[in-house]
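*Asks:* Sequence:
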Amino acid sequence: MSAPGLTIALADRFAAIALGHVTREYPNHLAHGFEGPEDLGTPRALHPLFYGSFDWHSCVHGYWLLASLLRRFPDMQEAGRIRALFDAQITADAVAGERAYFARPLARGYERPYGWGWLLKLASDLMPLENGRWAAILQPLTDVIRDRFMAFLPLATYPVRVGTHFNTAFALRLAADYAETAGDADLMALLTGTAERWYGADENCPAWGEPSGDEFLSSTLVEAECLRRLLPRDRFLAWFDAFLPRIGAQEPATLFTPATVSDRSDGKIAHLDGLNLSRAWCFRTLTASLPEGDPRRGVIETAAEHHLATALPHVAGDYMGEHWLASFALLALTA
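For the numbering used here, add 23 to where a residue sits in the sequence shown, where the first one is 1.
Note that these hints are calculated values from the structure, not bench results.
Heads up, a few of these hints could be off.
Said to hold, decoys possible - So the derived label-pair ranges between C-beta atoms look like this:
| hint | residue 1 | residue 2 | range |
| --- | --- | --- | --- |
| 1 | G232 | A332 | 36 to 42 Å |
| 2 | A119 | D341 | 31 to 37 Å |
| 3 | L260 | G232 | 22 to 28 Å |
| 4 | R131 | D209 | 17 to 23 Å |
| 5 | R127 | R269 | 45 to 51 Å |
| 6 | G236 | R258 | 31 to 37 Å |
| 7 | K291 | G271 | 17 to 23 Å |
| 8 | T46 | R127 | 21 to 27 Å |
Beta carbons are placed, not taken as given, at the ideal position from N, Cα and C, and that holds for glycine.
Please model the entire structure based on the sequences and the hints provided.
*Replies:* So, in structure tokens, the structure goes:
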């Protein structure tokens, strides 16, 4: 079985999907705290930039997908539409509106940590584009989210290990890309220290509960990917040997069987397509981290290909998955 790579044709397909939903205001799922009737508002009134794609975080990583594709394929068919969208939507006024939302007293933990991680990931991919002009416009909001990581992580005594939006390893992993691209040594040191504190002593992971009924992240594999990204290679390899000591024998076995998706019109059940894609992403990055000749490489690479082949045909179709799955497919294809 051979997994596909990211071609310009597939990039244009993914871009067309995202362009169809990042400014689609409805249907919309708002996680909004009211302090009074004056806080009532439509998605676009509350979030003048990230109002589409069903929810805030999906809109953010829809923009990330478009930025990432434009960076890789500046001459792709959809490049003009992406540039026009960014010019129209990433404006100082829209960013100020998003900052104002985060300044609300009830928004202290808004989109923590998943949306935070994706916002920094978007910022990192905007930096190389158009001499950084879109990244510069977004920077006031980027600074808010960066500072929230800096304030929150020292207070977070424990990690969150579920396979949904609250997973802390995934957020650290995304934020690390921004810290590196921006040259933010303080943020990178905090991310690394937090990962060590939360996960550094973990070993013999049984992968209990995977998959559960609505997860889109493997808490086991995302933790491994987080440590791979943040630790020095030798330190990571020693940790990985202890964390998943029998992965070369396809154990824990539950990690190697793609999740079954019984109803893609159900938003929670459709999360399982994302689980398969995020597993493929992690398996691919972990394969590349192992030494040449390591027998685990073939086992893990095969698992990546199997999960990707299972999920990739379902990136588009029902809006419950279509508004976000291409982002996870892109992570897997570019790992």
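*Asks:* Against each hint, give a clear statement of whether it holds in the structure.
*Replies:* Do the hints match the structure? See the list:
{"no.": "1", "hint": "G232 / A332: 36 to 42 Å", "result": "25 Å, violated"}
{"no.": "2", "hint": "A119 / D341: 31 to 37 Å", "result": "35 Å, holds"}
{"no.": "3", "hint": "L260 / G232: 22 to 28 Å", "result": "26 Å, holds"}
{"no.": "4", "hint": "R131 / D209: 17 to 23 Å", "result": "21 Å, holds"}
{"no.": "5", "hint": "R127 / R269: 45 to 51 Å", "result": "48 Å, holds"}
{"no.": "6", "hint": "G236 / R258: 31 to 37 Å", "result": "35 Å, holds"}
{"no.": "7", "hint": "K291 / G271: 17 to 23 Å", "result": "33 Å, violated"}
{"no.": "8", "hint": "T46 / R127: 21 to 27 Å", "result": "23 Å, holds"}
Figure legend: structure checked against the earlier numbered hints; hints not met, in rising order: 1, 7.
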